[in-house]
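Asker: If you want the building blocks of each chain, they are given just below.
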Amino acid sequence: MTDILETPVEAASEASTRPRRRAWWQRLAADRTGMLGFALVVIVVLAALLAPVLAPFDPNQQFNDGLSQYGMPRPPDATYLLGTDLLGRDLLSRILFGARVSLVIGLVANGVAVAIGAAVGIVAGYFRGWLGTVLMRFTDVMTAFPALVLAIALAAILRPSLWIVALVIALVNWVYVARAIYAQVLAIREQQYIEATTALGIPTLGVLLRHILPQLTLSLLVFATLGISTSVLLEASLSYLGVGVQPPTPSWGGIINASQSYLTTAPWLVLFPGLAIILTSVGFNLFGEALRDALDVGGRR
Amino acid sequence: MTGYVLRRLLQGLGAILGVITVTFILTYIVPVNPAQMIAGPSATPEVVARIGHQLGLDQPLPVRYVHYLWNLVHFDLGRSYAQRTEVSALVATHLPVTLKLMLTGIACELLIGIPIGILSSVAQGSWWDRGFTLFAFVGVSTPQFVVGLVLLYLFAYLVPWFPLGGYGNGALDHYVLPALSVGFAGAGWYARVLRSSLVDVLRQDYVRTARAKGVRPRSQVFRHGLRNAMLPVIALVGLDLGVFMGGVIVVEQVFALPGLGQMMWQAIQVLDIPVIMGGVLMTSIFVVVGNLLADMIYPLLDPRIQYH
Numbered sequence: 001m002t003d004i005l006e007t008p009v010e011a012a013s014e015a016s017t018r019p020r021r022r023a024w025w026q027r028l029a030a031d032r033t034g035m036l037g038f039a040l041v042v043i044v045v046l047a048a049l050l051a052p053v054l055a056p057f058d059p060n061q062q063f064n065d066g067l068s069q070y071g072m073p074r075p076p077d078a079t080y081l082l083g084t085d086l087l088g089r090d091l092l093s094r095i096l097f098g099a100r101v102s103l104v105i106g107l108v109a110n111g112v113a114v115a116i117g118a119a120v121g122i123v124a125g126y127f128r129g130w131l132g133t134v135l136m137r138f139t140d141v142m143t144a145f146p147a148l149v150l151a152i153a154l155a156a157i158l159r160p161s162l163w164i165v166a167l168v169i170a171l172v173n174w175v176y177v178a179r180a181i182y183a184q185v186l187a188i189r190e191q192q193y194i195e196a197t198t199a200l201g202i203p204t205l206g207v208l209l210r211h212i213l214p215q216l217t218l219s220l221l222v223f224a225t226l227g228i229s230t231s232v233l234l235e236a237s238l239s240y241l242g243v244g245v246q247p248p249t250p251s252w253g254g255i256i257n258a259s260q261s262y263l264t265t266a267p268w269l270v271l272f273p274g275l276a277i278i279l280t281s282v283g284f285n286l287f288g289e290a291l292r293d294a295l296d297v298g299g300r301r
Numbered sequence: 302m303t304g305y306v307l308r309r310l311l312q313g314l315g316a317i318l319g320v321i322t323v324t325f326i327l328t329y330i331v332p333v334n335p336a337q338m339i340a341g342p343s344a345t346p347e348v349v350a351r352i353g354h355q356l357g358l359d360q361p362l363p364v365r366y367v368h369y370l371w372n373l374v375h376f377d378l379g380r381s382y383a384q385r386t387e388v389s390a391l392v393a394t395h396l397p398v399t400l401k402l403m404l405t406g407i408a409c410e411l412l413i414g415i416p417i418g419i420l421s422s423v424a425q426g427s428w429w430d431r432g433f434t435l436f437a438f439v440g441v442s443t444p445q446f447v448v449g450l451v452l453l454y455l456f457a458y459l460v461p462w463f464p465l466g467g468y469g470n471g472a473l474d475h476y477v478l479p480a481l482s483v484g485f486a487g488a489g490w491y492a493r494v495l496r497s498s499l500v501d502v503l504r505q506d507y508v509r510t511a512r513a514k515g516v517r518p519r520s521q522v523f524r525h526g527l528r529n530a531m532l533p534v535i536a537l538v539g540l541d542l543g544v545f546m547g548g549v550i551v552v553e554q555v556f557a558l559p560g561l562g563q564m565m566w567q568a569i570q571v572l573d574i575p576v577i578m579g580g581v582l583m584t585s586i587f588v589v590v591g592n593l594l595a596d597m598i599y600p601l602l603d604p605r606i607q608y609h
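Order-wise, the sequence lines are chains A and B.
Under my numbering, think of the first position of the first sequence as 1, with each following residue one higher.
Under my numbering, think of the first position of the second sequence as 302, with each following residue one higher.
In case anyone wonders, no lab produced these hints; they're calculated from the structure.
Since this is a predicted model, take the numbers as computed values, not measurements.
Treat the hints with caution; some may be incorrect.
Unchecked claim - The following label-pair restraints were derived from C-beta to C-beta distances:
#1 A:A187 - B:P600: 25 to 35 angstroms
#2 A:L46 - B:L412: 37 to 47 angstroms
#3 B:A513 - A:A187: 33 to 43 angstroms
#4 A:P75 - B:P600: 52 to 62 angstroms
#5 B:Q425 - A:M35: 21 to 31 angstroms
#6 A:L205 - B:A408: 50 to 60 angstroms
#7 A:L275 - B:R528: 34 to 44 angstroms
#8 B:W429 - A:F138: 40 to 50 angstroms
#9 B:H368 - A:L205: 39 to 49 angstroms
As the list claims (entries may be wrong) - Simulated coverage check for chain A against chain B, where a stretch passes if three residues somewhere in it have a Cβ under 8 angstroms from a Cβ of chain B:
#10 130-142
#11 153-167
#12 236-246
#13 256-263
#14 274-288
For every residue, glycine included, the Cβ atom is placed at its ideal position computed from N, Cα and C.
So that you can see chain B by itself, here it is in the shape it has in the complex (with noise of 0.2 angstroms):
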C-alpha cells in the first residue's frame, strides 16, 4: 500500500510538471511581448527593452525555465507584471474563494445526485425514474453558466432570497446559488452512475439473503447496497474534477466571485503571465490531487481492493 501511495505521488507530481512545461512553452509563444503591454504602445523600444531585461526576458528559454522551476521548489510563484504584489499572495487571496465553491458544489453533486440516484434505482422503470433520466440528460447538456443566470434570475431577482452575486463578507448565501449553478450537471450524472452502480448491487447474492432473511428494504438499501454502490461514485468525483474545475472557473465569473478563476481572467487581459502561470498550476493541482485522493479512499471504503 504504502508503495503504491509513494508511485501515485510520484507520478502525481510528473503530471504537475508537465502541466507547468506545457503551460510554460505556452506563455513563450505569445505573440505579445509582455515588456511592451507594461511599457504601453508609445515607449521607446529602449524602455521596453530594459524592462524585458528587469523581468529576464532577455534570457533563453532555457534559463527562464529552470529559474521558474528553482523558484518554484522555493514556493516563490514570481511577481505580477500588471500588480505589483508577489504571485503567491494573489493566490492566497483568492484560492479560499474557489476552494469554498469547489467544496460546496461537490455538497450540491452528492446531496441532490445521492437521494435522487436510489430513488430512481428502488422505482425502476417508474415516471419518477424517467423523469430524472430526463433531468441527468438536461444536466449534462447545460452550460454552467446558463444555470447560474436562470437561478439567478429566479431566486436572486424574482424571488430574492439570494444576493445578486458579489462575495459580500464571504457568508454562505453568496455561495448556494453558485454552488448549485456547478453542482447541477455532476447532481444528474452521479445520480445516473449511482442508478446502475446500485441496481447491480441490489441484484447481488447478499441482498438477497439479507431480503430472504427479512431485513428491512429500507435497510437493504442503505446498510447493505449503498456502501458499495458508491464507490463509482466517489471515483467519478475525484476523476472528474479537471471538468468541475471549469465549472468553477465560469460560474465565478457569472456570480462575480473573487476567486482564482476572476484572478485568471484579470491576468489574461493584459497578458500578466506569472499570474497565468500561478493560476493554471493551483487548477491542476486540485485535479491530480483529487484523482489520488480518489484512489486513496477506495481502499477505505472497499477492504476487498489490495494495491501492488
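Just chain A, with the same shape it has in the complex (with noise of 0.2 angstroms):
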C-alpha cells in the first residue's frame, strides 16, 4: 500500500521542480559575454574607485622631466608607464582618475534619464487623454531633436560643468526610456488588477508606485545598466568637442581633445584614453545585454 503510494508523489514533486527555468541570476553566470562584460565593468568601477592608490602620481602635477628636451610629451616608459601628456602630466594617473568622471556621469546622467524617462512614460501611459498625448509628442520633439546637436547648445548655454553635462545627458536620453515604458504600462493598465484597484478605491499614487511600477523594475534595471554605456560615450563626445567636462579635472574625451594634434607624434595620447572609453562601453554593453536576456525582457532603446 505504502510504496504504491509513494511513487506517484515522488514523481509528481520530481515533475514540479524539473521543467522550471534556471533563475536570472544562473542564467546571467552561465552567459560567458556577459560575465566578459561584468569583469570589464569591475575594472572600471575599481579603477575609478581606488585611483588614488592606485595613480603612481598625482594626475594634475606637471613633472619636469615629463616632457622631452624638445618640450615633447613621453612616450610610454618605466617611470611614466603609458607615457606623458602636453603638459609633462602622468597619462595613466589621468586615465584613472578620468574613469571617475566617466564613471559618476554615466551612473548620474543615465540614473536621471531612467527617472525621467520612468515618470514620463508611467504618467502618460497610466492616464492617457491629453496628458498623454502632450507628453509623448513632447517626447517625439525631442527625439527629432539630434541628440549631440541638444547636447552641444545646452552645455554651451548652460557653461559645462560636471553635474551640467551629466544633466544635459539626462535631458537627451531620457526619450528612449519614455517611449519603451509608455508602451509597457500602456499593456499593464489593461490587466484586471488594475482595474481591481480602482474598484477597490485605491488612490493613483498607490497604483502608480505599488502596483504599476513593481512591474517595471525589470525593464527599468536594464536601462540603467545599458544606457551607462551611451551616456559615457555622449560624455566622452562632448569633451572632446570641448563643451564637456572642462580641464584640468582629467576625462577621457578631454584628454584626447587637448592631444589631438599630436596624434602623429604622440599617438599614445588618443590611443590609451581610446581604448578606456572602449573598454568601458563595451563592459556596460556586453553586460547589459546579457541582464536583457537573463531577465527576459524586451527592447533596445
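Make the complex out of the two chains shown on their own, each in a separate frame, by following the hints.
Answerer: Here it is as C-alpha cells:
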C-alpha cells in the first residue's frame, strides 16, 4: 500500500521542479560574454574607486622630466607607464582619475534619464488622454533633435561643469526610456488587477507606485545598465568637442581633445584614453545585453 | 495611403515646429547678452542697447517668436550676428558637405553591414559569427571621433593613402575616412539586426519550399531571404538618423570638414544665435525627413504592409 502511494508523489514533486527554468542570476552567470562585460565593468569601477591608490602620480602635477628636451610628451616607459601628456603629466594617472568622471556621469546622467523617462512614460501611459498626448508629442519633438546637437547647444548655453554635463546627457537620453515604458504601461493598465485597484478605491498615486512601478523594475534595471554605455559615449564626445567636463579635471574625451593635434607624434595620447572609453562602453553593453536576455525583457532603445 | 502620408507629413511638421520652439526658448535663457558679445567687453551700455534694439532683442519673447516663424515661412533664417551674411547663405555653403558625409556614411554602414550580416547568419555559431558579434559590440561602443583619429593615424599618416583632413576641392578621397568613421558603429549594429532577421526569414516555410525545389543556396539567401530581411534594417537607418547626425557633427570636427557641424560650432563660440538656430533646424529636418522616408519606403519593399 505504502509503496503504491509513494511513487506518484515522488514523480509529481520531481515533475514540478525539473522543468522550472533556472533563476535569472544563474542564466546571467552562465552567459560567458555577459560575464566578460561584468569583468570589464568591475575593472573600471575598481579603477575609479581606487584611483588615488593605484595612480603612480598626482594626475595634475606637471613633471620637469615629463617632457623631452624638445618639449614633446614622452612615450610610455618604465617611469611613466603610459607616457606623458603635452604638459608633462602622467597619462596613466590621468586615465585612472578619468574613470571617475566617466562613471559618475554615466551613473548620474543615466539614473536621472531613467527616472525622467519612467515618470513620463508611466504618467502618459496610465492617464492617456490629453496629458498622455502632450507628454508623448513632447517626447517625439525631443527625439527629432539630433541628440548631440541638443547636448552641444545646452552645454554651450549652460556653461559646462561635471553636473551640468550629466544633466544635459540626462535631458537628451530620457526619451528612449519614456517611449518603451509608455508602451509597457499601456499594456499593464489593461490588466484586471489594475481594474481591481480602481474598484477597491486605492488612490492613484498608490496604484502607480505600488502596482505599476514594480512591474517595470526589470525593464528599468536593463535601461539603467545599457544606458550607462550611451551616457559614457556622449560624455566622451562632448568633452572631445570641448563642451564637456573642463580641464584640468581629467576626462578621457578631454585628454583626446587636448592632444589630437599631436596625433602623429604622440599617438599614445589618443590610443590609451580611446581604449579606456571603448572598454568601459563594451563592458556595460555586454553586461546590459546579457542582463536583458537573462531577465527576458525585450527592447533596446 | 495618401491620407497616411499626409498625416505623417503633418506630424513631421509638428515635430519641427516643436524643435524650433524648444530651441527658441533655449536661446532666450542664455545668460549672456548677444548684443554685449557683438559690441565687445568695453562697449558702453548705450551702444549695447542700440545693437540690442537693431537685433530686435528688446522686444518681448512672443513677438520675437512670431517674427522668427513668419520669416521662416518665407525661407528667411535671419542674419548672422557675427558674420555679415544671411544664415540661409551660410547654410547653403555648409549643407552640401554634411549631406555628402551623411550619404557616404550611410553607404559605408550598409556596404559593410549587409555582407557581414549575411555571412554571420549563414555561418551561424561559427567563429566568423562570433568574431562579427564582437565587432558589432566594439562598433557601437566606440565613439566616432576615436574611430576617426585611429583611421587618420593609420591611413593618412602611417600609410598615406588619404589626405590628413580638410576639404580640398571636395573630392571623394576627402570623404573616405570620415564616412568610415561615421559608418563604423552602424555597420556593426545593422549587421546584427540583419543577421537576426535573416535567421528568422530563412527558417520560414517558403524558404524551405524553395530549398526543397532545389533552389541554389545563394538564391535562397539573396532572392528569397534578403528582400524580407532587409526591412528592419531600412527602418532602423531612418530611425537612427538622430544619433547618426551627432556622429556626423563630431566627425566633421575630427577631419576639419566645413559642414553644418563646423558652422554651428563656430556659432556657439560667439553665441551667434540665428546661426545656431539655423543649424539645429536643418539637422532636425534631416531626422524628421529620415523617419518619414523610412516609413514611406516600407510599403514599396513589402506590398503586404497596409496603411490606414
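Asker: Given a hinted range of 25 to 35 angstroms, is it respected by the beta-carbon distance of A:A187 and B:P600?
Answerer: Once the Cβ atoms are compared, 27 angstroms apart, the range 25 to 35 angstroms for B:P600 and A:A187 holds.
Asker: Taking a Cβ-Cβ distance under 8 angstroms as contact, does the segment 236-246 of chain A have three or more residues in contact with chain B?
Answerer: With 5 residues in contact (Cβ-Cβ under 8 angstroms with chain B), the coverage given for the segment 236-246 of chain A holds.
Asker: Regarding A:P75 and B:P600, is the given constraint of 52 to 62 angstroms on their beta-carbon distance met?
Answerer: 58 angstroms Cβ-Cβ, so the 52 to 62 angstroms window holds.
Asker: Is the gap between the beta carbons of A:L46 and B:L412 within 37 to 47 angstroms?
Answerer: Once the Cβ atoms are compared, 40 angstroms apart, the range 37 to 47 angstroms for B:L412 and A:L46 holds.
Asker: Using the Cβ atoms, figure out if B:W429 sits within 40 to 50 angstroms of A:F138.
Answerer: 45 angstroms, holds
Asker: Does the segment 153-167 of chain A contain three or more residues whose Cβ lies closer than 8 angstroms to a Cβ of chain B?
Answerer: holds (count 5)
Asker: Is the hinted range of 39 to 49 angstroms satisfied by the C-beta distance from B:H368 to A:L205?
Answerer: 43 angstroms, holds
Asker: I want to verify a distance hint. Is the separation of the beta carbons of B:A513 and A:A187 within 33 to 43 angstroms?
Answerer: 39 angstroms, holds
Asker: Determine whether the Cβ-Cβ distance between A:L205 and B:A408 falls within the hinted range of 50 to 60 angstroms.
Answerer: Holds - the Cβ-Cβ distance for A:L205 and B:A408, about 51 angstroms, lies within 50 to 60 angstroms.
Asker: Counting residues of the segment 274-288 of chain A whose CB is closer than 8 angstroms to a CB in chain B, do you get three or more?
Answerer: holds (count 7)
Asker: Are three or more residues of the segment 130-142 of chain A within 8 angstroms, CB to CB, of chain B?
Answerer: Result for this restraint: holds, n = 5.
Asker: Honestly, do A:L275 and B:R528 meet the 34 to 44 angstroms range at C-beta?
Answerer: With a Cβ separation near 40 angstroms, A:L275 and B:R528 satisfy 34 to 44 angstroms, so the hint holds.
When each numbered hint is compared with the structure, no violation occurs for any of them.
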